[in-house]
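Residue strings, one per chain:
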Amino acid sequence: MPHILTRSLDRRATIFLAIVATVGVLLPLSNLLLPDTSMLHVPTYLMTLFGKYVCYAVLALSIDLIWGYCGILSLGHGAFFALGGYAMGMYLMRQIGTRGVYADPVLPDFMVFLNWKSLPWYWQGFDMFWFAALMVVLVPGLLAFCFGWLAFRSRVTGVYLSIITQAMTYALLLGFFRNDFGFGGNNGLTDFKDILGFNVQAEGTRAALFALSCLALAISFLICRAVVGSKLGKVLIAIRDAESRTRFLGYRVESYKLFVFTLSACIAGIAGALYVPQVGIINPGEFAPGNSIEAVIWVAVGGRGTLIGAALGAVAVNYAKTVFTSGVLAPYWLFMLGALFVLVTLLLPKGIVGTWNAWRDARQATSLSEDARSAAFEDGAVKPHMAE
Amino acid sequence: MNALDTRKTSAMLYLDGVHVSFDGFHAINNLSMTIAPGEMRAIIGPNGAGKTTMMDIITGKTRPDSGDVLFDGVTDLTRLDETQIAELGIGRKFQKPTVFESQTVEDNLLLALNVDHRVRSTLFWQDSRADADRIDQVLEIIRLTGARRRLAGNLSHGQKQWLEIGMLLAQDPKLLLVDEPVAGMTDVETHQTAELLKTINRDKTVVVVEHDMTFIRELGVRVTCLHEGSVLAEGTIDQVSANERVIDVYLGR
Chain S
730 MPHILTRSLD
740 RRATIFLAIV
750 ATVGVLLPLS
760 NLLLPDTSML
770 HVPTYLMTLF
780 GKYVCYAVLA
790 LSIDLIWGYC
800 GILSLGHGAF
810 FALGGYAMGM
820 YLMRQIGTRG
830 VYADPVLPDF
840 MVFLNWKSLP
850 WYWQGFDMFW
860 FAALMVVLVP
870 GLLAFCFGWL
880 AFRSRVTGVY
890 LSIITQAMTY
900 ALLLGFFRND
910 FGFGGNNGLT
920 DFKDILGFNV
930 QAEGTRAALF
940 ALSCLALAIS
950 FLICRAVVGS
960 KLGKVLIAIR
970 DAESRTRFLG
980 YRVESYKLFV
990 FTLSACIAGI
1000 AGALYVPQVG
1010 IINPGEFAPG
1020 NSIEAVIWVA
1030 VGGRGTLIGA
1040 ALGAVAVNYA
1050 KTVFTSGVLA
1060 PYWLFMLGAL
1070 FVLVTLLLPK
1080 GIVGTWNAWR
1090 DARQATSLSE
1100 DARSAAFEDG
1110 AVKPHMAE
Chain G
9 MNALDTRKTS
19 AMLYLDGVHV
29 SFDGFHAINN
39 LSMTIAPGEM
49 RAIIGPNGAG
59 KTTMMDIITG
69 KTRPDSGDVL
79 FDGVTDLTRL
89 DETQIAELGI
99 GRKFQKPTVF
109 ESQTVEDNLL
119 LALNVDHRVR
129 STLFWQDSRA
139 DADRIDQVLE
149 IIRLTGARRR
159 LAGNLSHGQK
169 QWLEIGMLLA
179 QDPKLLLVDE
189 PVAGMTDVET
199 HQTAELLKTI
209 NRDKTVVVVE
219 HDMTFIRELG
229 VRVTCLHEGS
239 VLAEGTIDQV
249 SANERVIDVY
259 LGR
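Order-wise, the sequence lines are chains S and G. Residues in the first sequence are numbered consecutively from 730, following this note's numbering. Residues in the second sequence are numbered consecutively from 9, following this note's numbering.
Please note that the accuracy of each hint is not assured.
To be verified - Cut-off 30 Å, straight-line C-alpha distance, at most; resulting in silico cross-link-like pairs (DSSO-like, lysine-lysine):
1. K206/G to K182/G
2. K960/S to K781/S
3. K182/G to K104/G
4. K16/G to K206/G
5. K960/S to K104/G
6. K206/G to K104/G
7. K1079/S to K1050/S
8. K781/S to K846/S
9. K69/G to K16/G
10. K69/G to K960/S
11. K182/G to K960/S
12. K1079/S to K104/G
The set of hints was computed from the structure by calculation and includes no laboratory data.
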């Protein structure tokens, strides 16, 4: 096992991890320890905002793993993110207890309001954190496994797969909107009080959640790197570039797709679970097909097939969104996002990081060949061309 | 029960009465053919004669409407899919060279190696001396040792053809199906490819589809001419090229 990890850490990956670790430690420390008046003090709202971006970055990583490396364009990955979020939300709801408006010790407010007498079976166990944490990974993973098993075995690929992933998230959106579905309907789950006994609103909890999000980003990144750096990663790229060739070499393509799709959904679920306590609400809007498409745009902007690019793209695009939607330009944000996608596709098809990497690699290659030439020249192996 | 008792034929590849039609078009029409173990066979025929469709049937890409396709005398290929057939030991080179363009030459060969192809063992796979030796050996045979770290997409057309043949070798199949290996090659490359296939044929059964008659003459093997989905003529290159009907439909007067 250790070889898988060491092999996956090159210079770029190490720098990225170092940055994530630094931000994950320094931002919460500055928020907690520095006085409000200090220049370097990071206000809580800003930390929570960045915590949200970090969760989006984890979601972007999960999309890049399947799209950038295996060519599976999921336009419904927001569904796995939202399911992870709902699993965490259910735990947080159960923690409210008698502090709810109706003060029912077991039933969440919306169930009392709907006149439900007892907790539905699928809400059982969510009062325990370990159980909820397990569901955060298990529910998205299981859905992805079943969905992928059907889709990949029937060799649904390309745009058809993208369309049915959209249909999947839309179906979930409609389901979760219904009151009798049992997840708070339109309003979703909110009014959270505490997590593992700590007040979710407290600065210390928020700082811890931010640090945990950074940790989740680092671990997800390491997992993705280990996968794409292994021989399995080479098979994924082979499937992306020439699927039927890969089959004729004896690889069971559907098993590979199923593995990576399920893994990706689990990572997306974790992202959603960390997102919900930071934003304080989860509602069916998270299943909206537009959300999933937006997440794909983050990856395209950052550079698909680079992992680092996906994470950076998520942070950059969302930061831009925050800036623009809070100013006079707010009504035009969607146009700008659309224009960004079109421009990146036309001008930077490899995305920001992809273009940067290609440029660096090309420069390295030329300097290497120049070194080789001058070395050969010094050995007298190559004679310089003389003008005659 | 041992495999020999159940063998229906001694042939490596046995096709009998195979039919395939696409929307009423009979691509393969009562095709019967046997390829003996260790044989090299050249298949010729005009465009649309069913050469590539025949390969699709053997490799599981297309399922025949009727007829028998047996591999090694015992295995019914019509019931298996591409992956299972590849694992049985049938390798295929496509008409258009198909290599993994964004990966290096050696990674292309690594992917083709005849090892456990299941997800778990691929995830935890580690470099081994044996695999590296095998890759070196194949690189040597296909004359790409110097290009091992280059991206396959940057190779010349002829080199891609060879890389794909190299992938077949790495796959170590019992039967190789090679579709138009010398298309787009220079005369020298064509000659080298003929030599390469002859070397491969020393311990493997080979079926080559090709239009280049000089190349086929150089191979010096038995030739089958297909026309409208069935066998028109079979024999040595001289017999086949003297056949009146072959001249009419394919070679021209």
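Verification of the hints:
no.: 1; hint: K206/G to K182/G; result: holds, 15 Å
no.: 2; hint: K960/S to K781/S; result: violated, 33 Å
no.: 3; hint: K182/G to K104/G; result: holds, 22 Å
no.: 4; hint: K16/G to K206/G; result: holds, 29 Å
no.: 5; hint: K960/S to K104/G; result: holds, 26 Å
no.: 6; hint: K206/G to K104/G; result: holds, 21 Å
no.: 7; hint: K1079/S to K1050/S; result: holds, 22 Å
no.: 8; hint: K781/S to K846/S; result: violated, 36 Å
no.: 9; hint: K69/G to K16/G; result: holds, 24 Å
no.: 10; hint: K69/G to K960/S; result: holds, 26 Å
no.: 11; hint: K182/G to K960/S; result: holds, 25 Å
no.: 12; hint: K1079/S to K104/G; result: holds, 26 Å
The structure does not agree with the numbered hints 2, 8 stated previously, though it agrees with the rest.
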